[in-house]
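J.: All chains should be modelled from the sequences, with the hints used to inform the complete structure.
Protein chains in written order, with this note's numbering: chain A, 1 to 332; chain B, 1001 to 1250.
Keep in mind that the hints are not guaranteed to be accurate.
[Unchecked claim] Simulated pairs of lysine to any residue, SDA-like, Cα-Cα distance not exceeding 25 Å: (1) B:LYS1109 / A:SER181; (2) B:LYS1110 / A:LEU172; (3) B:LYS1109 / A:TRP10; (4) B:LYS1110 / A:ARG176; (5) B:LYS1130 / B:GLN1175; (6) B:LYS1109 / B:VAL1087; (7) B:LYS1110 / A:LYS129; (8) B:LYS1182 / B:GLU1229; (9) B:LYS1109 / A:GLU179; (10) B:LYS1109 / A:ARG180; (11) B:LYS1130 / B:PRO1170; (12) B:LYS1110 / A:ARG206; (13) B:LYS1109 / A:LYS129; (14) B:LYS1182 / B:GLU1029; (15) B:LYS1110 / A:THR237; (16) B:LYS1109 / A:ASP195; (17) B:LYS1185 / B:SER1128; (18) A:LYS54 / B:VAL1133; (19) A:LYS54 / B:ASP1075; (20) B:LYS1110 / A:SER181; (21) B:LYS1109 / A:ASN203; (22) B:LYS1109 / A:THR237; (23) A:LYS129 / A:THR237; (24) B:LYS1130 / A:MET183.
[What the hints assert, rightly or not] FRET-style restraints, in silico, Cβ to Cβ: (25) A:LEU14 / B:MET1111: 21 to 31 Å; (26) A:VAL309 / B:VAL1069: 43 to 53 Å; (27) B:ARG1055 / A:ASP132: 13 to 23 Å; (28) B:GLU1120 / A:SER278: 42 to 52 Å; (29) A:LEU9 / B:HIS1132: 39 to 49 Å; (30) A:ILE32 / B:MET1111: 31 to 41 Å; (31) A:LEU310 / B:ASP1028: 50 to 60 Å; (32) A:VAL309 / B:SER1026: 51 to 61 Å; (33) A:ALA6 / B:MET1111: 16 to 26 Å; (34) B:GLY1022 / A:LEU295: 52 to 62 Å; (35) B:SER1128 / A:LEU14: 54 to 64 Å; (36) A:GLU312 / B:GLY1219: 54 to 64 Å.
[To be verified] Examples of chain A residues lying across from chain B (beta carbon under 7 Å, computed): (37) GLN153; (38) GLU179; (39) TRP182; (40) TYR185.
By construction, these hints were calculated from the structure, which means they are not laboratory data. Idealized CB from N, CA, C, for every residue including glycine.
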Amino acid sequence: MMRPRASVLWLGVLVAVAAVLPLVSGAFAIDIFIRVLLFAFIGVAWNLMGGYAKQLSLGHAAYFGLGAYTSTLLEINHGVSPWIGMFAGGLVAALASLPIGALCFRLRGPYFAIATIATAQVLMLLFLKFRDFAWGAEGTTLPNLGDAPLMMQFDGKAPYYYIALALLASGLGITRLIERSWMGYYLVAVGEDEDAAEAVGVNATRIKRHVYLISAFLTGLAGTFYVQYIYFIDPNTAFSFNVSVEAALVSIVGGIGTLWGPVLGTVLLEATSAMLQSWLGSLGGVQLTLYSLILIAVILWRPAGLLGVLTEAWDRIVHARAARVREVPLDG
Amino acid sequence: MAEALVVHNLSKRFGGLRAVQGLSFSVDEGETVALIGPNGAGKTTSFNLITGHHRPDAGSITAFGRELVGLRPHDICAHGLARTFQVARPFGRMTVLANVMTGAFLRNKKMDVARTRAREAIDQVGLSAKEHVPARDLTTIDQRRLEMARALATEPRVLLLDEVMAGLNPAEIDQAVALVGKLSKLGLTIVIVEHVMRAIMAVARHIVVLDHGQKIAEGDPDTVVANEEVVRAYLGTGYVHAPVGGGSAC
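T.: Pasting the structure below:
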């Protein structure tokens, strides 16, 4: 286990590196960093639900898309700044999580996962069909306002980078607060054994509903940011199944139910993906095959995720004396 | 004395199987009552009905004057009835302390209050030395202790123990009996499902005997073990009672 002072030091170094990174990187690299930060953030949001409480959602694209559409509709139809639209989007996503949760929480395990996939797909179909409401299948581009910070538009990529960094930092902060409170204990207890948790007074339905609300809110913020970054929205992008899968994948690879798991997972997956793309991209499809094989290998051999591997190794090196396995969470 | 728990005419079917049929019994406050009977007699089902994990087809369950049928398990726990499971179900990834704190949060959401309360409960069951061990690494008896501590941390008025002594060796059974006795002295009402007869004889003041989902006898321990039907259905004709610590009956 890291002593508090050591972990504060590491955090300081990390923040410093993250803050300086865009100043010394080219536009192409910054673009990759922004994607890493964004997906790490979505992973962190997913992890609250899927990691700590082990409710395997594969439908977080629903909240991503709702966030994206809410801010875009507000901006284009009413001229509302996406800064406000982003929080409106988060709220819409959070509200939507209530009926969706009420439906899906009746189901457990794989059935829950399938039900969540369906909710995202249904939303995508609704946005495809109802053209008058939100541009249908064609989607729309955002008006280019040039350098307009108040409308969340910037000339360079660096501001986007810092916004994504702030989102990720807030997601991690919220996760840590939850992890260190009764909520974290309740979530892990529900994830471990829902009936046993109920038996010691945990209202499993309520705690799942609450954390789903937070998770959906954060994912909605990510949706707004993404649209602002790529200047384009259509149902296939906003409610993309890839978003749902990526959110789950980065957490699973990095280590579900851990604070830093989704961040580590995203860095590794994005780096692997980018490298494979540049080495083997010309061979058409080979890089995707290899990428999938790496994923399969991780899930087969290290289901606890890479963070689990690293913490074990760390414990072995640094704390060989204390035979305590550091697991986040939860110790009292 | 006031009645802590009253079960009236309780019935539950699973498909064609009548797991519990017309079961009635009551438990006075501060009393220790044992439910005994052969496997499949409906003891664990009765527990699941009382604690809300299953919903009865008919009958009522009242605890301290409140109807429990229809309440969710967490409500029933909040009302003061805490249970252990026949097969221990610890939160494996969490340490002993974290497991028990999860129970303690029911009464107080503050970390340090819950931690203090959890440590008391862990101390009561004698697990203090293993506070930071992940629950999945505990031995069977320690997992049972953990479940008891977790239940105690919810500050129950009634404790329902489902075969906490199964699989324990004679010395461990003596420890468990002493623990149940200690909890009873603290004023807890205890309902215990158990097969270890010498433990039951030591802790229970009142015994309810089930067979095929029905109550076939009840009364004080000496009356019950002398009952012919109980001997036929459960104890076996060779049964001779031996006191705790004094022998190897069962």
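J.: Take the hints in turn and mark each one as holding or not.
T.: Structure-based check of all given hints:
1. Using a Cα cut-off of 25 Å, the hinted pair B:LYS1109 and A:SER181 holds, with the two alpha carbons roughly 8 Å apart.
2. Only pairs whose Cα atoms come within 25 Å are accepted, and B:LYS1110 paired with A:LEU172 is accepted, the gap being roughly 22 Å.
3. A hinted pair counts as satisfied when its Cα atoms are at most 25 Å apart, and B:LYS1109 with A:TRP10 does not qualify at roughly 31 Å.
4. Distance restraint check for B:LYS1110 and A:ARG176: the Cα-Cα separation of roughly 16 Å lies within the 25 Å cut-off, and the hinted pair is therefore satisfied.
5. Restraint check: the Cα-Cα separation between B:LYS1130 and B:GLN1175 comes to about 17 Å, which is no more than 25 Å; the hinted pair holds.
6. With a C-alpha separation of about 28 Å, the suggested pairing of B:LYS1109 with B:VAL1087 is violated against the 25 Å cut-off.
7. Distance check on the hinted pair: B:LYS1110 and A:LYS129 sit about 49 Å apart at the alpha-carbon level, beyond 25 Å; violated.
8. At most 25 Å may separate the alpha-carbon atoms for a hinted pair to count; B:LYS1182 and B:GLU1229 exceed this at roughly 32 Å.
9. Restraint check for B:LYS1109 and A:GLU179: the C-alpha separation of about 13 Å stays at or below 25 Å, so the hint holds.
10. Between the alpha carbons of B:LYS1109 and A:ARG180 the distance comes to roughly 12 Å, so the proposed pair stays at or under 25 Å and holds.
11. This hinted pair checks out: B:LYS1130 and B:PRO1170 have alpha carbons roughly 22 Å apart, not beyond 25 Å.
12. For the hint pairing B:LYS1110 with A:ARG206, the CA-to-CA distance comes to about 19 Å; that is within 25 Å, so the pair holds.
13. Proposed proximity of B:LYS1109 and A:LYS129 is contradicted: the alpha carbons are some 47 Å apart, above 25 Å.
14. Note on B:LYS1182 and B:GLU1029: the hinted pairing holds, with a Cα-Cα distance of about 16 Å set against a maximum of 25 Å.
15. The hinted pair formed by B:LYS1110 and A:THR237 fails the criterion: a straight-line CA distance of about 43 Å is larger than 25 Å.
16. Between B:LYS1109 and A:ASP195 the CA atoms are separated by roughly 20 Å; this keeps the pair inside 25 Å, and the hint holds.
17. Proximity of B:LYS1185 to B:SER1128 is assessed by CA-CA distance (about 21 Å); at most 25 Å being required, the pair is judged to hold.
18. Proximity of A:LYS54 to B:VAL1133 is assessed by CA-CA distance (about 22 Å); at most 25 Å being required, the pair is judged to hold.
19. The straight-line distance between the Cα atoms of A:LYS54 and B:ASP1075 is roughly 23 Å, inside the 25 Å bound, and the hint therefore holds.
20. For a cut-off of 25 Å, the pair hint linking B:LYS1110 to A:SER181 stands: about 8 Å separates their Cα positions.
21. A threshold of 25 Å between alpha carbons decides the hint, and for B:LYS1109 with A:ASN203 the separation of about 14 Å falls inside it, so the pair holds.
22. For the suggested pair B:LYS1109 and A:THR237, the alpha carbons sit about 42 Å apart, so the restraint of at most 25 Å is broken.
23. Taking the CA atoms of A:LYS129 and A:THR237, the gap is near 15 Å; set against the 25 Å cutoff, the hint holds.
24. A distance of roughly 24 Å separates the Cα atoms of B:LYS1130 and A:MET183; the hinted pair therefore holds under the 25 Å criterion.
25. The hint said 21 to 31 Å for the Cβ distance between A:LEU14 and B:MET1111, and at roughly 26 Å that hint holds.
26. For A:VAL309 and B:VAL1069, the hinted distance range of 43 to 53 Å is satisfied, since their beta carbons lie about 49 Å from each other.
27. Take B:ARG1055 and A:ASP132: their Cβ atoms lie about 48 Å apart, and the range 13 to 23 Å is violated.
28. In this structure the hint that B:GLU1120 and A:SER278 lie 42 to 52 Å apart at CB is violated, the actual value being about 60 Å.
29. Separation of A:LEU9 from B:HIS1132 is about 24 Å and departs from the stated range, judged on CB atoms against 39 to 49 Å.
30. Checked against the hint of 31 to 41 Å, the C-beta distance between A:ILE32 and B:MET1111 comes to roughly 39 Å, which is consistent with it.
31. Separated by about 56 Å at the C-beta atoms, A:LEU310 and B:ASP1028 satisfy the suggested range of 50 to 60 Å.
32. Between A:VAL309 and B:SER1026, the C-beta spacing of about 56 Å keeps the proposed range 51 to 61 Å intact.
33. A hinted range of 16 to 26 Å for the beta carbons of A:ALA6 and B:MET1111 is consistent with their spacing of about 22 Å.
34. Taking the beta carbon of each, B:GLY1022 and A:LEU295 are about 56 Å apart, inside 52 to 62 Å as hinted.
35. Judged by the Cβ atoms, the range 54 to 64 Å given for B:SER1128 and A:LEU14 is violated: they are separated by roughly 37 Å.
36. The supplied range of 54 to 64 Å is met by A:GLU312 and B:GLY1219, whose beta-carbon atoms lie about 57 Å from each other.
37. Because the smallest distance between the Cβ of A:GLN153 and any Cβ of chain B comes to about 43 Å, over 7 Å, the interface hint for this residue is violated.
38. Contact between A:GLU179 and chain B, as hinted, is not supported at the beta carbon level, the nearest pair being about 11 Å apart and thus beyond 7 Å.
39. The interface hint given for A:TRP182 is met, as the beta carbon of that residue sits about 4 Å from the closest beta carbon of chain B, less than 7 Å.
40. Taking 7 Å as the C-beta cut-off, the interface hint given for A:TYR185 holds, the closest approach to chain B being about 5 Å.
In summary, the numbered hints that this structure violates are 3, 6, 7, 8, 13, 15, 22, 27, 28, 29, 35, 37, 38.
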